[in-house]
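J.: Letter by letter, the chains look like this.
Number of protein chains: 2
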Amino acid sequence: MEKEDNFADWYLDIVEKANLSDKRYPIKGMNVWTPYGWKAMMNIDHFIRKELDATQHDEVCFPLMIPETEFKKEKDHIKGFDSEVYWVTHAGLNELDVRLVLRPTSETAMYPMFALWVRSHQDLPLKIYQIVNTFRYETKQTRPFMRVREIHFFESHTCHVSEEDAQCQIEEDVEILSKIAKRLCLPYFLSVRTDWDKFPGAYYTVGIDTVMPNGKTLQIGSIHHYRTNFSEPYEITYENENGEHKHVHQTTYGMSERLLGAVIGVHSDDKGLIMPPDIAPFQVVIIPIFSKDNSAVVTEAARGLLSKLSDHGIRAKLDDRDVRPGSKYFDWEIKGVPLRLEIGGRDIENNVATFARRDNGEKGTIDLDSVGQGVELILGVISSALMERAKNILMSKVQEIDSLENMPEGRILKFGWCGCEECGHKFEDTYELKILGTPYNSKEKYAGRCLVCGKETDRSVIAARTM
Amino acid sequence: MEKEDNFADWYLDIVEKANLSDKRYPIKGMNVWTPYGWKAMMNIDHFIRKELDATQHDEVCFPLMIPETEFKKEKDHIKGFDSEVYWVTHAGLNELDVRLVLRPTSETAMYPMFALWVRSHQDLPLKIYQIVNTFRYETKQTRPFMRVREIHFFESHTCHVSEEDAQCQIEEDVEILSKIAKRLCLPYFLSVRTDWDKFPGAYYTVGIDTVMPNGKTLQIGSIHHYRTNFSEPYEITYENENGEHKHVHQTTYGMSERLLGAVIGVHSDDKGLIMPPDIAPFQVVIIPIFSKDNSAVVTEAARGLLSKLSDHGIRAKLDDRDVRPGSKYFDWEIKGVPLRLEIGGRDIENNVATFARRDNGEKGTIDLDSVGQGVELILGVISSALMERAKNILMSKVQEIDSLENMPEGRILKFGWCGCEECGHKFEDTYELKILGTPYNSKEKYAGRCLVCGKETDRSVIAARTM
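From first to last, the protein sequence lines are chains A and B. For the first sequence, the numbering used here gives the first residue as 14, with consecutive numbering after it. For the second sequence, the numbering used here gives the first residue as 14, with consecutive numbering after it.
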């Protein structure tokens, strides 16, 4: 199965062969997280927690179910989710008085509580997050990690005294994102979504997109400024220093298991997965190489190596199965373990282990006396190389155009747009491309013409086919 | 509010004052995990993961929803849960063809997949676990952590070649339990539940109970041997070495957020919570003691202390709020931080910090040069003292009786039982006590008479009022 030619099938094949998730569960779009995939996801969650905790967000856990009455308080929001939520209508043998929604996201679960928690300006900013599963009744074709009906999800929610403070939060979120994405070796770009594509109830939405090998973009998260759009219906107010009651300004930031889907799509090759070292369930696999009569010595050396690496905080796995080394190489290549260490009789004589990098096949030896530091160094080099390669691929897909003639295929397009909905819709409908939005916080000033109506404009947009 | 006199109110009061959870969420029995309570629960989860990983259990995550068709395959099981599950009947604007249950526990979600995963004896034992939320439509009075409708839950599920191998797993589970309970400083006892009280579908159930200050027992978990009761309807079979197809023998082990409820009930006092050091969100609170003109020096010393403790892996919090020390003491006593360190001008002169233990009020000083080791030592002593005290209380509540006259109040009773259901029910109904079961794996042989019918018996049981 070749990655470039048929991305969709290739992706499904990798997820199955690397045993990241099992889609044979008897509900479509609800998959079982098998141990290997779940370990990778928990490693991603670990870095999300680390960055959120470092920026004084408190972790909480809200109930899954939301009464219909609360869910319907913000009317744009319910309109956005009306057709894609699951309804609990019965409990035991009784019909419920008030139907309950399984959270598609937690605004409407949290904000009635925020109204109780926030009293004065001293309670602000309120910064919380949770890592939970959310539920959306997807009607499009489902795909593991990328489009599922039960979604492993991180969401942070904040309240601020002013629109400007909320804006600073969004800048902090962008910083946090850059740190998490570095762990995943994932390049991305930020776009302020069009008005017709922003989150239901948001003042504006920043989409976080990366690009797949087939040239389609994948949204891996979003950041929203709500102004007071939710605090008004949910009555979240604070008393300022002058004794006046004001509505809080809110933001949210969300990312999901799509991060793992993106990692698979971006970093893998035709041999299988390539796990970024920071989130790899096993960063190193150790393969003992036996020759005649040396099995006790080699086994001991391999175990010693495992324990040295573990002591150094490296996640290592010793594969001591009774099968040929070649078949072990094959299995761990599919699973994308970033570094393989072989240890055999000659290695032991030379006091080294032989390494092979998963990303580029490079081989060499590492001194056993400093194997912890040596491996750490190589893992760092692999991370940088993965990021560099992925960035180059992303950049190579972006193309600026100034005419509707000879539209290139499989590209991310950048062009001028006057900003009117009519031109936007016309473009999207004609070319079956989605306008991802205007570059967020771009320093360069655009000067050109709207691709559709030809009006002069200083606004550029990005458009692409999406996954 | 006094703990002994009115446990139920005292408990609610502590949960609210220590801000462990917020029960004002608009669905009864579904509470919000606030940051402090959630941190304690995540620390408990950490130790569960640690022990399960160390015994080669793999962590997974199964979907929340179970199709009605799968849910109903084991008929005792569905009978047990019929009246207490939530039903999803609609998605978007459509009625679902097959109704979906929110998992009350995951047997019926997992076992159709186990049937796919297990092929040969080489796939066994299969040992997996997950930490998820489960849902039960409780009709009894709800109480935070102890009886809720959305339950934070750990469950392990295993498959084995034989009944004996499954029995060995149960012994491993008992070992795991003892390690986790030690972290929580929780004493407990194990009872093989009566036939009418075992888990729906189980061959036998071992209940894990601890005791609250009011003399009522609280079940904090259970371990089940299923034999082939589930593998038959779900067709989980393996091929043995002779090529024969056999049904697997299964076990499960579950514990929930009740562990935290038990910690609150067992360890707290009239001043508030006492957090066992291993799971305390903050193990140490540092209070700077300012006197005239020394605030810069004291602040610097307090920060230095914080960083020393953090470097030593101790979870410490510096309380630098602008309020009197006495009011800080009060706040952190309610929240149960195990150790308080004060640092003021005289302490700095003497190169010490002054400590106060939360469990017994003992005070003293610790040398600043070795403050990490010193604090670690004291935290260890506090853990032992909490366990010792809790064990003594539990032991003091158990009383052996041999007659139905003058039944003691508020005790855990031990007595002879012939084993027949009639005598059991008669006892339970007459005295409004529940038979928790026969002591699990007790070495001492009982010799006496059935408390109800007077027949000679070598079986003793434990009975108590339950929370």
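Don't take every hint at face value.
For chains that are exact copies, the list does not tell them apart, and a pair is met inside one copy or across any two.
Said to hold, decoys possible - Result set (BS3-like, lysine-lysine): computed pairs, CA atoms no more than 25 Å apart in a straight line:
hint, residue 1, residue 2
1, 284, 341
2, 63, 468
3, 447, 376
4, 52, 63
5, 458, 36
6, 468, 88
7, 36, 86
8, 52, 458
9, 192, 52
10, 36, 140
11, 30, 140
Hints listed in this document are in silico derivations from the structure and should not be mistaken for laboratory results.
J.: Could you run down the list of hints and mark each one as holding or not?
T.: Going down the list of hints, with the structure as the test:
no.	hint	verdict
1	284 / 341	within (13 Å within a copy, 59 Å between copies)
2	63 / 468	neither (47 Å within a copy, 63 Å between copies)
3	447 / 376	neither (43 Å within a copy, 67 Å between copies)
4	52 / 63	both (16 Å within a copy, 14 Å between copies)
5	458 / 36	neither (47 Å within a copy, 51 Å between copies)
6	468 / 88	neither (35 Å within a copy, 70 Å between copies)
7	36 / 86	between (36 Å within a copy, 21 Å between copies)
8	52 / 458	neither (43 Å within a copy, 46 Å between copies)
9	192 / 52	both (20 Å within a copy, 23 Å between copies)
10	36 / 140	between (36 Å within a copy, 20 Å between copies)
11	30 / 140	between (40 Å within a copy, 21 Å between copies)
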